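Trainee: Residue numbers (the numbering used here), protein chains in the order written: chain A, 1 to 200; chain B, 1 to 457; chain C, 1 to 239.
Note that these hints are calculated values from the structure, not bench results.
Hints are supplied without guarantee of correctness; some may be wrong.
Claimed, not checked - Here are some of the chain A residues that sit facing chain C, going by a computed Cβ distance under 7 Å:
1) Ala6
2) Arg10
3) Arg12
4) Leu14
5) Ala17
6) Thr18
7) Ala41
8) Ala45
9) Ala48
10) Val50
Treat the numbers as computed from the prediction; the structure is a model and nothing was measured.
Glycine is no exception: its CB is placed at the ideal position from the N, C-alpha and C atoms.
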Amino acid sequence: MSEEAADPGRRRFLTLATTAVGAVGTVYAITPFVKSMLPSARAKAAGAPVEVDISMLEPGQLLTVEWRGKPVWILKRTPAMLESLTKHDSLLADPASKVADQQPAYAQNVARSIKPDILVLVGICTHLGCSPDKRLDAGAVSGLGDDWPGGFFCPCHGSKFDLAGRVYKNVPAPTNLPVPPYMFAADTRLVIGEDKKGAA
Amino acid sequence: MLTNLLAWIDERFPLTKVWNEHLAEYYTPKNFNFWYFFGSLAMLVLVIQILSGLFLAMHYKPDTGLAFASVEYIMRDVEWGWLIRYMHSTGSSAFFIVVYLHMFRGLLYGSYRGPRELIWLIGMVIFVALMATAFLGYLLPWGNMSYWGAQVIISLFDAIPFVGPSLAEWLRGDFVVSDATLNRFFALHFFIPVIILPALVFVHIVALHKVGSSNPDGIEIKKKKGPDGKPLDGIPFHPYFTVKDIAGVAVFLMFFSAVLFFAPELGGWFLEPDNFVPANILQTPTEIVPLWYFTPFYSILRAVTTDMMRFGLLPFMAVVGGLAIYSVRDMMMRAVVAGATAAILLGLFMMEAKIWGVIMMGLSIVLFFLLPWLDRSPVKSIRYRGWMYKTALTLFSVSFVILGYLGTKSPEAISLFLMKNVYWVQIFTIVYFAFFLFMPWYTTLDKTKPVPERVTP
Amino acid sequence: MKKLLILLSLAAMPVAGFAAGGEHAKLDAVKIDLSDKTSLQRGARIFVNYCLSCHSAAYMRYNRMGKDLGISEELVKDNLLFAADKVGDLMKAVMPAEEAKAAFSTVPPDLSVIARARKPAWLYTYMRSFYRDDKAPSGWNNTVFPHVAMPHVLYEWQGHQRAIFKQDGAFERFELVRPGSMSTEDYDKAMRDLINFLVYLGEPAKLERYQLGVWVLLFLAVFFVFAYLLKKEYWKDVH
Numbered sequence: 001m002s003e004e005a006a007d008p009g010r011r012r013f014l015t016l017a018t019t020a021v022g023a024v025g026t027v028y029a030i031t032p033f034v035k036s037m038l039p040s041a042r043a044k045a046a047g048a049p050v051e052v053d054i055s056m057l058e059p060g061q062l063l064t065v066e067w068r069g070k071p072v073w074i075l076k077r078t079p080a081m082l083e084s085l086t087k088h089d090s091l092l093a094d095p096a097s098k099v100a101d102q103q104p105a106y107a108q109n110v111a112r113s114i115k116p117d118i119l120v121l122v123g124i125c126t127h128l129g130c131s132p133d134k135r136l137d138a139g140a141v142s143g144l145g146d147d148w149p150g151g152f153f154c155p156c157h158g159s160k161f162d163l164a165g166r167v168y169k170n171v172p173a174p175t176n177l178p179v180p181p182y183m184f185a186a187d188t189r190l191v192i193g194e195d196k197k198g199a200a
Numbered sequence: 001m002l003t004n005l006l007a008w009i010d011e012r013f014p015l016t017k018v019w020n021e022h023l024a025e026y027y028t029p030k031n032f033n034f035w036y037f038f039g040s041l042a043m044l045v046l047v048i049q050i051l052s053g054l055f056l057a058m059h060y061k062p063d064t065g066l067a068f069a070s071v072e073y074i075m076r077d078v079e080w081g082w083l084i085r086y087m088h089s090t091g092s093s094a095f096f097i098v099v100y101l102h103m104f105r106g107l108l109y110g111s112y113r114g115p116r117e118l119i120w121l122i123g124m125v126i127f128v129a130l131m132a133t134a135f136l137g138y139l140l141p142w143g144n145m146s147y148w149g150a151q152v153i154i155s156l157f158d159a160i161p162f163v164g165p166s167l168a169e170w171l172r173g174d175f176v177v178s179d180a181t182l183n184r185f186f187a188l189h190f191f192i193p194v195i196i197l198p199a200l201v202f203v204h205i206v207a208l209h210k211v212g213s214s215n216p217d218g219i220e221i222k223k224k225k226g227p228d229g230k231p232l233d234g235i236p237f238h239p240y241f242t243v244k245d246i247a248g249v250a251v252f253l254m255f256f257s258a259v260l261f262f263a264p265e266l267g268g269w270f271l272e273p274d275n276f277v278p279a280n281i282l283q284t285p286t287e288i289v290p291l292w293y294f295t296p297f298y299s300i301l302r303a304v305t306t307d308m309m310r311f312g313l314l315p316f317m318a319v320v321g322g323l324a325i326y327s328v329r330d331m332m333m334r335a336v337v338a339g340a341t342a343a344i345l346l347g348l349f350m351m352e353a354k355i356w357g358v359i360m361m362g363l364s365i366v367l368f369f370l371l372p373w374l375d376r377s378p379v380k381s382i383r384y385r386g387w388m389y390k391t392a393l394t395l396f397s398v399s400f401v402i403l404g405y406l407g408t409k410s411p412e413a414i415s416l417f418l419m420k421n422v423y424w425v426q427i428f429t430i431v432y433f434a435f436f437l438f439m440p441w442y443t444t445l446d447k448t449k450p451v452p453e454r455v456t457p
Numbered sequence: 001m002k003k004l005l006i007l008l009s010l011a012a013m014p015v016a017g018f019a020a021g022g023e024h025a026k027l028d029a030v031k032i033d034l035s036d037k038t039s040l041q042r043g044a045r046i047f048v049n050y051c052l053s054c055h056s057a058a059y060m061r062y063n064r065m066g067k068d069l070g071i072s073e074e075l076v077k078d079n080l081l082f083a084a085d086k087v088g089d090l091m092k093a094v095m096p097a098e099e100a101k102a103a104f105s106t107v108p109p110d111l112s113v114i115a116r117a118r119k120p121a122w123l124y125t126y127m128r129s130f131y132r133d134d135k136a137p138s139g140w141n142n143t144v145f146p147h148v149a150m151p152h153v154l155y156e157w158q159g160h161q162r163a164i165f166k167q168d169g170a171f172e173r174f175e176l177v178r179p180g181s182m183s184t185e186d187y188d189k190a191m192r193d194l195i196n197f198l199v200y201l202g203e204p205a206k207l208e209r210y211q212l213g214v215w216v217l218l219f220l221a222v223f224f225v226f227a228y229l230l231k232k233e234y235w236k237d238v239h
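The whole structure should be built from the sequences, with the hints applied where relevant.
Mentor: So, in structure tokens, the structure goes:
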């Protein structure tokens with residue numbers, strides 16, 4: 001019937017080629033839609049690094065600032081608090097902060113901080129995102145028993161963290177509280193969300 | 001493995017059956033030409049609009065204080081937001097271009113004729129739903145033209161006797177277009193195209209596949225079947241028309257992208273300069289002009305003046321009515337037609353021009369619905385019609401384009417030649433209506449050519 | 001096919017008509033070139049130093065402008081950030097809206113998309129058409145926008161102009177009464193830079209839109225070639 005004979009090989013090749021080019025085009029076309037759901041320039045501007053003046057912060061005092069819509073705690077620890085950090089390693093799940101993405105490399109130490117006394121933590125429980133209570137004082141006054149060395153207690157599901165934000169064993173939260181990237185712009189001027197490597 | 005899975009599904013869902021009935025064994029006339037691309041293209045544009053609209057809705061704020069800024073937020077702060085927004089704005093005009101061409105195909109080849117009346121009626125409902133969607137969506141950017149356009153169109157309802165003013169207030173939810181109006185327009189602009197339109201398109205296609213597609217020769221391919229029971233002039237939709245439509249889609253997307261990337265405003269035709277000014281309730285734009293796809297109907301609305309009614313519509317309707325009375329044989333029917341003609345003529349004397357403008361605009365769309373019954377020609381396709389229908393369709397097309405063009409211009413200006421726009425609009429309004437209202441006679445009188453048995457290549 | 005051509009030419013008619021539709025005042029053409037980064041940077045400088053005192057561009061962020069125009073964040077911070085603290089901030093006006101309303105009896109419009117609402121030629125001519133008018137509240141009037149509330153902010157650059165009208169009241173020409181610090185040529189150049197910047201400000205995406213468009217069209221052309229050949233191959237069956 002036909003003037004030209006159908007060529008099955010050519011037909012198969014053209015079908016594959018058209019499908020392949022079409023598939024590439026579809027992926028390219030979908031990309032902008034997916035990317036439009038990323039944080040916008042407004043969200044990024046609102047999430048820009050925050051500068052905090054900590055010259056007025058007294059030892060034992062905790063200051064909460066907002067960074068990217070999350071509470072960030074800045075705690076100036078007393079010498080007694082710092083001393084307590086080494087005494088309860090057996091109770092902790094990850095005393096040496098080995099889970100690397102929970103803190104920048106410069107905070108991977110016992111105090112989990114750049115300057116030993118200044119602790120910077122994102123105050124969001126690593127279990128399901130509640131913000132833990134501050135139970136900074138040691139002992140029975142905390143309501144967590146006589147041997148409580150001071151730390152944070154999540155009211156939602158009972159997770160416990162010490163004064164370096166390290167998580168206790170046998171609680172729902174899996175990892176230590178995260179330390180955000182931060183640096184000291186001056187002795188008492190803290191920048192949260194940006195370190196020497198650049199903005200987060 | 002795959003065959004087993006397919007068998008498992010087929011026992012529970014008629015997948016293979018649907019595939020065969022609507023694609024692999026849906027026999028389609030093989031002589032489709034250029035004009036038969038626009039149905040599938042309209043579906044493509046619907047998908048583009050729903051998808052881009054969905055992602056715009058993730059960032060847009062339907063609040064008079066925030067709407068305009070949220071559009072600019074999409075254009076600047078949202079990653080790729082500008083692309084998605086232009087897709088949607090270009091898509092709305094593309095939708096109408098494709099649908100108008102799809103409808104024009106119907107006029108060329110008589111696709112609306114029996115047994116396809118229902119396909120045409122459903123299609124017209126789709127068109128009305130599309131116009132409603134476009135009108136609702138146009139308010140959302142909350143530019144000055146958005147605002148005043150909605151204000152003017154809703155005020156049309158004021159013209160309805162007795163209930164008009166309260167109806168307009170009910171539509172707005174306020175005494176003027178306001179936050180309440182914007183909020184409900186947003187809700188409806190989501191509901192109609194996402195729920196109603198796809199449902200209508202589904203019914204449109206079910207009806208089409210029931211009777212089978214028409215073709216440029218206007219003959220029924222099902223009448224000539226081979227020994228295997230398949231239409232001799234039919235070929236399976238898949239693969240033949242799927243591959244053809246894919247090539248058509250590529251060409252369409254080239255036009256679409258050319259506008260989207262190089263001229264998204266298209267010189268003010270797709271995005272109006274006045275809509276880059278935030279809505280201002282104290283300042284009307286110098287000229288309130290709807291987007292191009294509404295301007296033919298808008299022109300008809302503006303055409304009706306007291307003089308137009310006296311010296312244009314009245315004699316015109318008298319002639320149409322007289323012809324109808326003369327042609328109807330049945331005495332009962334003749335009395336009904338005479339009564340209707342008298343009522344219309346009386347109405348033209350008694351009621352004011354504002355109401356008649358609204359009526360005529362409504363009628364200009366309603367008449368499309370009646371096409372299957374207005375057309376009395378023994379043939380369907382323009383290929384076998386005589387000079388009368390060809391002339392009528394040409395005049396109608398010209399009047400549609402000119403009414404559309406002059407709808408963007410001030411009635412008092414002279415944009416063509418010789419006389420003010422308003423007079424041209426009035427003349428072409430009569431031409432527009434004459435195409436429909438004289439159709440029963442000129443299609444009967446027209447000398448047609450013999451229609452072939454089989455489709456011509 | 002013939003009818004199609006007629007229809008297409010009819011469809012093209014309105015476009016021609018639209019392009020011809022003129023304004024009332026005669027407008028001077030201005031060369032817009034968004035690839036001219038230095039012109040855009042000079043325009044941005046004028047805009048931030050002068051316009052932003054009263055007008056806002058509140059849909060635009062400083063850092064986006066810096067990134068698009070090739071100005072580093074440090075330079076933006078040091079040279080352009082008068083009305084904001086952070087480079088990510090929106091470009092709001094220095095003068096609060098209520099104060100502006102009291103001073104000019106109207107709030108100066110936001111200029112983010114002004115170049116999309118008004119033609120560049122209109123803006124260019126407007127910025128060069130202020131003249132002394134003692135009857136106007138601000139002492140200034142404008143031939144393109146009569147009785148505009150805005151005074152001539154850049155008169156120190158342009159100098160004082162006097163408008164000369166014909167017998168029938170139609171505008172004829174300007175006469176420079178007192179020269180400013182710039183020659184007429186330099187002032188026109190500065191205004192061209194400013195309008196160029198306003199066009200950029202109206203649609204920052206324009207910078208990438210054209211480039212991406214070329215790639216998209218090329219890609220679609222390739223896709224069409226394959227799709228067309230595929231169609232031809234299959235349609236060999238049909239006769």
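Trainee: Next, verify each hint and record whether it holds.
Mentor: Hint-by-hint comparison with the structure:
Satisfaction of the interface hint for Ala6/A is found here, the shortest Cβ-Cβ separation to chain C being roughly 5 Å, below the 7 Å cut-off. A cut of 7 Å between beta carbons decides the hint on Arg10/A: the least distance to chain C is about 6 Å, and the hint holds. Look at Arg12/A: its Cβ only gets to about 10 Å from chain C, farther than 7 Å, so that hint breaks. For Leu14/A, the interface hint holds, since its Cβ comes within 7 Å of a Cβ in chain C; the closest pair sits about 4 Å apart.
Given hint, Ala17/A at the interface with chain C, holds; its Cβ is 5 Å from that chain's nearest Cβ, closer than 7 Å. Nearest Cβ of chain C to the Cβ of Thr18/A: about 4 Å, under the 7 Å cut. The hint holds. Because the smallest distance between the Cβ of Ala41/A and any Cβ of chain C comes to about 6 Å, under 7 Å, the interface hint for this residue holds. At about 3 Å, the closest approach between the beta carbon of Ala45/A and any beta carbon in chain C falls short of 7 Å, and the interface hint on this residue holds.
Using the Cβ-Cβ criterion of 7 Å, the hint placing Ala48/A at the interface with chain C is satisfied: the shortest such distance is roughly 5 Å. Hint on Val50/A is violated. Least Cβ distance to chain C is approximately 10 Å, over the 7 Å limit.
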